[in-house]
Amino acid sequence: MYAKLDEMTLLNLLRQRDEMAFTQLVERYHTSLVRLARLFVQDEAVAEEISQETWLAVLHGLSHFEGRSSFKTWLFTILTNKAKTRSRRESRSFVFSDFDDASTSFETSPTVNPERFKDASAEKSPNHWLADAQPASWAGIPEDLLLSEETLTLICQTIEGLPQNQRSVITLHDVDELSSQEICNILEISETNQRVLLHRARAKVRQALEDYLQPEH
Amino acid sequence: MTCKELVELITQYLEGTLPEEARLQMESHLSACEGCTHYLEQMRQTIFLTGQLREESLTQQQRAGLLDLFRDWQKN
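Protein chains in written order, with this note's numbering: chain W, 15 to 231; chain E, 76 to 151.
Isolated chain W (complex conformation):
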């Protein structure tokens, strides 16, 4: 059993052409790769193909990987380069550098409905939550409901419906747990932009969950 082996050990085994080591890495990362590829190309089958090519490149490049970056960063960088090349070639896909400017234009619009707050001119506690619109605690919601298939599907659909740039950032950050730095490199956006996109994306997912979990709001 290799369940508890760390990545360096797995990579050393893989250099010796160990199949179980490969299986372990694939189980750990393949769905993330496909998810990442899908941010660049529309077609699920093409995303799968790019991910497979990435594994092949890993196998062939293994002897040159020195571990200066983490394996995950290396893997995701290979995939990103392939996906970008592919989307450029097909040229019907989204180009990431296009959204750097577009995203800042709605930076100032609020992420929570302003009607949930008191007026800025209110005499007592202006801009505070209105008593009947204040967020409720989710602590009492049963875990079965929170973690249900239906809740996760809702999150998935909400993310799918986000503008491309927000979808990309929340996927890489909160689903695949890449660092902000890695995301900025992959998407070629600034740190500030990355943060704004993440903020807006999370706010929309939170709102969708609130509507679903507490429909009376």
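These aren't lab readings, by the way, just hints derived from the structure by calculation.
All values reported here derive from a predicted model rather than from experimental measurement.
Be a bit skeptical, because a hint or two may be false.
Heads up, simulated DSSO-like pairs for lysine-lysine below, C-alpha to C-alpha not over 30 Å straight-line [unchecked claim]: (1) Lys-86(W) / Lys-218(W); (2) Lys-96(W) / Lys-150(E); (3) Lys-86(W) / Lys-96(W); (4) Lys-132(W) / Lys-79(E); (5) Lys-150(E) / Lys-86(W).
Among chain E residues calculated to face chain W with C-beta under 8 Å, some are [claimed, not checked]: (6) Glu-83; (7) Glu-116; (8) Gln-149.
Note that CB positions come from ideal geometry on N, CA and C, so glycine has one too.
We have chain W already, so just place chain E on it with the hints.
Leaving out everything else, chain E in the frame of chain W:
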């Protein structure tokens, strides 16, 4: 800091990129505001639940395709 301002700073707070002074203001606001405390909790739950999407597992077809690829490489 008002509630309306606080909700827009929450990502910076959670990512640890909020400047010290604003962070202290935020924490002082949170200690006295139930609505914002719930909002912060909801945001943490949202992030946690989004992370659950990671658990998606491979299909048999994907697994088989990758194994073929590996075995071809292994032979060379």
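Each hint tested on the structure:
Annotation: proposed proximity of Lys-86(W) to Lys-218(W) holds, straight-line Cα distance about 28 Å (limit 30 Å). Under the criterion of a C-alpha separation no larger than 30 Å, the hint pairing Lys-96(W) with Lys-150(E) is consistent with the structure, at around 25 Å. A threshold of 30 Å between alpha carbons decides the hint, and for Lys-86(W) with Lys-96(W) the separation of about 16 Å falls inside it, so the pair holds. Straight-line distance between C-alpha atoms of Lys-132(W) and Lys-79(E) comes to about 9 Å, which keeps the hinted pair within the 30 Å bound.
This hinted pair checks out: Lys-150(E) and Lys-86(W) have alpha carbons roughly 26 Å apart, not beyond 30 Å. Because the smallest distance between the Cβ of Glu-83(E) and any Cβ of chain W comes to about 6 Å, under 8 Å, the interface hint for this residue holds. For Glu-116(E), the interface hint holds, the least distance from its beta-carbon to any beta-carbon of chain W being 6 Å, beneath 8 Å. For Gln-149(E), the interface hint holds, since its Cβ comes within 8 Å of a Cβ in chain W; the closest pair sits about 5 Å apart.
Of the numbered hints stated above, none is contradicted by the structure.
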